[in-house]
Amino acid sequence: MAAETSNGPRTSAKICGMGHSMKRKEDPRFLQGKGNYIDDHTLPGMLWLDIVRSPIAYGKIVNIDASKALEVDGVLAVLTGKDLEAYNLHWMPTLMSDTQMVLPTDTVMYQSQEVAGVIATSRYAAADGVAAVEVEYEPMTPVIDPFKALETDAPVLRTDKEGQEDNRIWHWEAGDKEATDRIFDEADVVVREKMHVPRIHVASIETCGCLADFNPVEGHLTVYMTTQAPHAIRTVLALVAGHVGLSEEKIRVVSPDIGGGFGGKVPVYPGYVIAIAASVVLGKPVKWIEDRMENLQADSFARDYHMDAEIAADSSGKIRALRIKTLADHGYSDAQAAPSKFPAGLFSICTGSYDMEQAYAEVDAVYTNKPPGGVAYRCSFRVTEAVHCMERIVDTLAHKVGKDPATLREENFIPKEAFPYHSPLGWEYDSGDYQAAMDMAKEMIGYDDLRREQAEKRERGELMGIGVCSFTEVLGAGPSKDFDILGIKMFDSAEVRVHPTGKAIARFGTKSQGQGHETTYAQIIAEELGLPAAHVQVEEGDTDTAPYGLGTYASRSTPTAGAAGVMAARKLRDKARKIAAHLLEVGEEDLEWEPGTFSVKGAPDKSVTIQDCAFAAYTNLPEGMEPGMEATNYYDPPNLTFPFGTYICVVDIDRGTGEVTVRRFVAVDDCGNIINPMIVQGQIHGGLTQGLGPALFEEMTYDEDGNNLAGSFMDYLVPTAVETPAWETGHTVTPSPHHPLGAKGVGESATVGAPPAIANAVVDALAHLGVTHMEIPIRPDRVWEVLREKGVAI
Amino acid sequence: MIPPQFDYHAPGSLEEALGLLGSLDDAKVMSGGQSLLPMLKLRLATPANIVDIGRIPGLDSIGEEGGYLRIGALVTETALEENATVAARYPILLDTAKVIADPLVRNRATICGNVAHGDPANDHPATMLALRAQMVATGPDGERTIGVDDFFHGLFMTALAEGEILTEIRIPAPGGVGGGGADGAHHGGAYLKLERKVGDYAVAGVAVQLALGDDGKVTQAGVGLTNLGMAPIRASAAEEVLTGARLVERGGLRGAFSKVRDAIARAPDADEVIAAAAQAAADATDPVADRRGSVEYKRNMARVLTGRAIAKALARAGG
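Chains as they are written, first to last, in the numbering used here: chain A, 1 to 794; chain B, 1 to 319.
Below, computed lysine-lysine pairings styled on DSSO-like, alpha-carbon distance capped at 30 Å:
hint	chain 1	residue 1	chain 2	residue 2
1	A	K23	A	K34
2	A	K457	B	K312
3	A	K161	A	K489
4	B	K98	B	K312
5	A	K34	A	K503
6	A	K503	A	K571
7	B	K28	A	K68
8	A	K177	A	K341
9	B	K28	B	K41
10	B	K312	A	K790
11	A	K14	A	K571
12	A	K457	B	K197
13	A	K177	A	K403
14	A	K250	A	K284
15	A	K68	B	K41
16	A	K60	B	K41
17	A	K284	A	K68
18	A	K23	A	K571
19	A	K489	A	K571
20	A	K34	B	K41
21	A	K403	A	K194
22	A	K14	A	K25
23	A	K503	A	K601
24	A	K161	A	K82
25	A	K148	A	K161
26	B	K197	A	K790
27	A	K284	B	K41
28	B	K197	A	K194
29	A	K400	A	K325
30	A	K489	A	K341
Just so you know, these hints were derived from the structure itself, not from any lab.
Next up, chain B with everything else stripped away, as it sits in the complex (with noise of 0.2 Å):
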């Protein structure tokens, strides 16, 4: 548990920072240090630089604008906790945020770096999936904009290119003030982990954002998984099921910053289409079978899962 010798760098911009990555041989970028720390410790990595990105000011920014949720490289786990807008109109972010790790190692994780890891054990990129939302990249050319869908590439392999860190991270705000929207419609989204002590990786995870129109048809649907394959997974055939499908009798859902959270009234067939889009989520899985469960244990809890995170997301929007 003792990391070979290798060379620390510390600089104070974004500038210099991408200076010394393009000079020098074997670097790695560190941000909070919660993957790259234990991989140092146990020689699973041994870069011969570490560009820790940790100082440089202006990065640790989260908030609304022009129409994104924008998250810099250097926001925290706990500061996305702590956060009052993302509370209010990103619940499923909260979610996530809460099940990663322990509060200790949220004081200094960050997102951007859970998600630029490339670990599909890792809960926020199944996050991003159903959020759809888009990786800013800065590498020596500038800034460039990878959509999710295009970020993950493999086991520990993404989109960013040598050279390049991920320095925000942009979420596609809901229509509106208060997430009930100017755009009509009904936002929910939740993120539901199981696992086999608190802070553990995920047996699996599923992330479910929805979107409803005031008649109770879902507008829109993302769902990601997580820890259920080479790579995080989006369940696509899942998404497809949901889209267009009524969930909630018309008037069944109440406008904005209602406190109300009773049980929302589903429609006739919404069970139906639930279990449908669940059985879907489990079909696109790849697990496997290790001290977490079989194969088969694993592709169940993402049915259940998914079930149940589809169930508490229209209970979010429907709020």
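Isolated chain A (complex conformation) (with noise of 0.2 Å):
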């Protein structure tokens, strides 16, 4: 089911710009087996690297042995972190400009951590050479539990870091502390909740890999690899290994289809360089692909917040101040993707839908013997983190001051007339119109017929709960001025050429994991120059061909390189309108634009389309002007974009076994103006689903000796459509100010929103017991427990 209250589209259905449900351009080829993974790739005298990972989680390395591997039939060479030494490439920065290894000359510090590389003719023989490399440990006692490792006793893990002393990473603050801490001590009524958001991974279905081909003749590297940012790889790339002779236009990166990537195809992982560096030193094309093992214990994690976090308010519920104190477990090395100057992502989003005098916000990230990581799993950046936080709290004081929370949310909703609304904690919201988004779901949901049958079950016994998320994200990193990763600005980038029958190519400095790029930038392009969409051929993710771009990752991709690409068709119609005066012998401004047409002002019957311009854009061009029909944008954005929604869910509780059943789910978005409608609904199933896995299934848990203990789908429990309730969406349309087309981001509300609006439904359904927060995931033997401890388990 979905309702909307939406921009209808201006195009024709044969143009197919903003506003079509355009069915997937490259759905024919995945759908048929015909998409081009990176296993799908081979090259003539390809060898294979397996890893050998350690099996410890921190410890000493005693000796290596790989005579035995060597024998092994179809074995060529294993490489360690001593011969890699040697070229000075058994280190790299990581985004953060921390240090990670890429294999170990001493010391492993995580468990499946990278410790050797087999290189052989198979895939098959690699693996058999794996299993035959001897290594001996000497374990020492690993620090995971995060609050330990900042203990005065705890051994610093990071000795190979001059001057680091302890195992704090980096301090991180938002908000004016003396004045928040003001509020709290004269407020009416403070909550509070200490909760952690766990760490959870991407689990994307294609595994990370690469073919790595370096040509020893010409010295120059073809790198085929799960990346979603391209570009930025081939820098760092040229970078970290300018030294050994890799120049940045001798390096070529390809990303080709991708099977989704959530921001864990964002970092550069060992097992890259490795591949890389045995391609530099054999001369050959060396491949790598993970296993789904390797691909969860050793690839970057996401969220792992402890938050403690305090809501000052008066006595009627009214939120006053926000305060909230956050320690981050980063594992061996701070390797997330966030923008260089945002250590803690956007964390300070966390005042959220709401107005309030003063917030303050601090995150201290510490390291662990776990691996590296903090991605931004489906999520600007720790946004999900800041609205979980938030939300669950907001419910907290609501039980604390009596209030129905969807009312108390609406009554310190940020009202639509105070946007552009500077929140206390820095941002410039855009638009935004909560009550519109709370009242719609309301609607759908039937709120208030829903409140009254909780009443009545609760009088039988039974246990259903109704959850409210009324969230705010804040998407498409970012304004120049604030936004870089490792120094490089995060504008994006569309280069459009149109040839002279009217069909264009348009290149883009992102890459589509699957979120339907090829479709959506279409018709970015056809609703701008009115060209028909299925005449517009996008590519990109080969850095030889595609502009320079920062990638896709925190719902970038339309409001940067849309904006590129809008901003690089309305030169063209620019230039097309001034041939379309040349054709029809008028001054330009006694031309009409419809889309695909321009007209003589007053005699329609006298016009030229869009392609007739094309074709004189190579034939018949008017004196002086420059041949062709093609450019080019970097679309530095002015800010941010901050779509909205606000979701319910409605859940029951299996008093015997403590099993929740979400009953129903309604998620209202609003992302601004929307170019596919049936992507955008796409987006948010997709995400509310992976937002349900979190809620109530997925986590990665250790054992104090650093095992993991979810290293297989086995025990990482990924929902399938079997666990996912049929969602039901719905959108409002308030357009964002600033992007050329009103647009905002979207892939990312849906995992943002839904882990609270659960989390919530099933505190909703014992908050008559006194329950006022449950952890995620909220498994049925925790539910269980709570159930027996206030005596109503059956």
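Assembly of the complex is requested from the two constituent chains, each provided in isolation within its own frame, with the hints serving as guidance.
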């Protein structure tokens, strides 16, 4: 089911610009098994890399004996940290200017860390080689608990970093601490919840991998790899491997079809570097494809924020201030991929949809003996953590002051007249109408009837809960004054070329991982240029051909590269207008534009099409005009976009087993003007399911020795269609005032908004028993413990 | 996730398979590969030889014969699910098959393999305990029949000897045609499984098979438990509580083939009997704490599921 108050299309179905639910251009090849993923690539003479990984979380490497591995038929070489050290390639920088081992020379820092690379003539021989490498370790006592990592007697883990005297990485804070504390001191009501948004994993269908192909004759390196940011990766490779002769013009990074990224394919993993090093050393193409368990156990995790949150309010529940103290467990290295100036990402969006006087948030990051990371899993850099924290504790406040959680939200919403709104932590929200989304969500789900049903069921002892979440997102990083990665500004780009017959190719600096860029971007060009979207071929991911851009993550593609596409298309339309004036022998000011056609004002039968203009650009130009029909734009967004929504979830709890059933889930999103409603709905459905996962199922846990307890899909529980409820979606439309199409990002709203809606519903079902909080994932056994403690288990 | 090297054998007859098992060192029988293939890929199993019995003709039949439902070694879960006799007369088997892994795996996975693996987390063993099945093992010296109570010896250990293959499972047929019964009994069974997500191993699983007389008294009860100890568990004490107890009012049970499935009239103290049986089942468990829950949670889930499975079995017996 889907409801909408939507922008209708301006273009015909043939042109298929904004607002048309065009079927995805990429789907025929995906659905027929004709996608071209990393493991579909092969090259003559290709070798295989497989990786020896550490079974322990922390310890010294006493000896690596590769002799038996080298006896395995097909095994050619075993690379260790010592081998890479000779080239100074045994370490690498992270995108956060921390450092990380490629291969260790003496110490392993987390379980499943890469210890050695085995190069062989087949995948099977490589695996047999890995099994035959004998590594002797001297285990040390690992630091797993981030709170213990801060204790004064905790061993210092990063002894490799000069001046590092404890396990702290950085401290970040935002807001006026003193003014916030003053409000807390005098407030009528203070509520507090401690909560953990646990470590999870993107678990994309396709794992990571690459095919590195170094041509020793030309000194040219081509790397086909699963990356969401091919251009940035090329620059990083040039910066870290310049000393071994790799130069940026001789590096080509190709990101082929990608089976899901979700932030997990932004970082550079050691496997890529080992494959590249092996190809350079051996002069042969080397392929590395990690398996599912390697992917889950070693690749970057997400979340893992321990938050201690408080709200100060007056007695009626009007929020006055927010205060959050956070501990961020980054594992062995800060290997997240956030903008340089934002070590805690955009966590300062934590004040959310509510107007308040003051806020203060702080985050301390800490090292532990766990895999490095902190990637933004379908999340615009720590927004998921911020929204979960705020949306959970708002419910605690509603409970405390005895108000319905929807009503309390409404009474605290930033009113629509207040936009652009300056938040206490420094954001300028571009636009919003939070009450409209709340009204639609309540109407769709029948909120008042549900509350009546809940009251009746409570009388009978049945447990049913209704959870509300009204989130504000912050997407589309970002304006160059604040946003960069390793110094590179976070603009993005588009290059549009119209061929003589009126067909076009459009290339972008981003990279789709399944989001449907080939369709959405084509529709953007169609909207602006009046060419049928079917005639616009979209390409991304090859650094030799695409314009430079920072890639696709943080829901930034439409806000940045999409806007660049608009601006490039508008340049072409301006040129076409000049050509049309020339063809129609009138002045430019005498022309009217209908998508696809210029006509003479007052004489609509005198007209030329955009295709006529394109042909003339190559055949019949006005004097002095540069031939061709091509334009480029590098778009530096003036602000981020702030999509929002209200989600309402209904759950039933089985008092026998503790199982939570999501009976209904209504998601009303506002992402501004919508380009392709079907793709947006698909994004919402996928995002909701990826919010359901951490709310009820997914968690990456470790025992005290640092052993991963969820290292395969047997224990890392990704929801399937069976666990997924029938999502009901709706849309309100509040355009972004600064995006050229009035669009906002959308890919991540649902991942961010779903977990608190579900958690709030479960807590709401138990609220009359005195429950104010449940940690996610809300597993049946955790619920049952609460039911038993409260005496209602049957 | 890459298996080590092994030699693969695909015998065309049972005799050939038995011969290979007798002559090869370190050989492992494979039917559907549901458990063996993941163990190979994880290098938890490293047999030198695999004897794939999947191509042997004649081992894939399923049907009633001589008072038994006979399930051949190569009958897949999917074949079981699609079998009309099973659907009509052995709904507990259908319950069990439907909650194993996923449809793709069930297309390959076999019932006999599920049982022969000796994994207490597998679902069919509990059901076979409840149904009082017999296992037919074929070895170099011919066939022998092993009662289900003598079959499971512990974690991954069964009564199968080296060189023996589990070639058939025999389940006593409910008397007469239609399950309602010329033997004067009304039969009903159910398998309930609590899982963290679809396809998971059970947090707890309970199989209950009941036979009731026209007087509403239980004449025979079978209760089997999944993943609640080091081996599949028969909850004998629960069976004893149920056997002889009147759970349904006299005349409350309908005849064979009745389509009426509304609530049956329970006897006055049926709820207490069921609760006592459920508690007895929980007391029979010996679970370990893991990511599926604490010992206490699992014990309680055995209790909750047993109560629910008895209710469902009763409803089926009454229909």
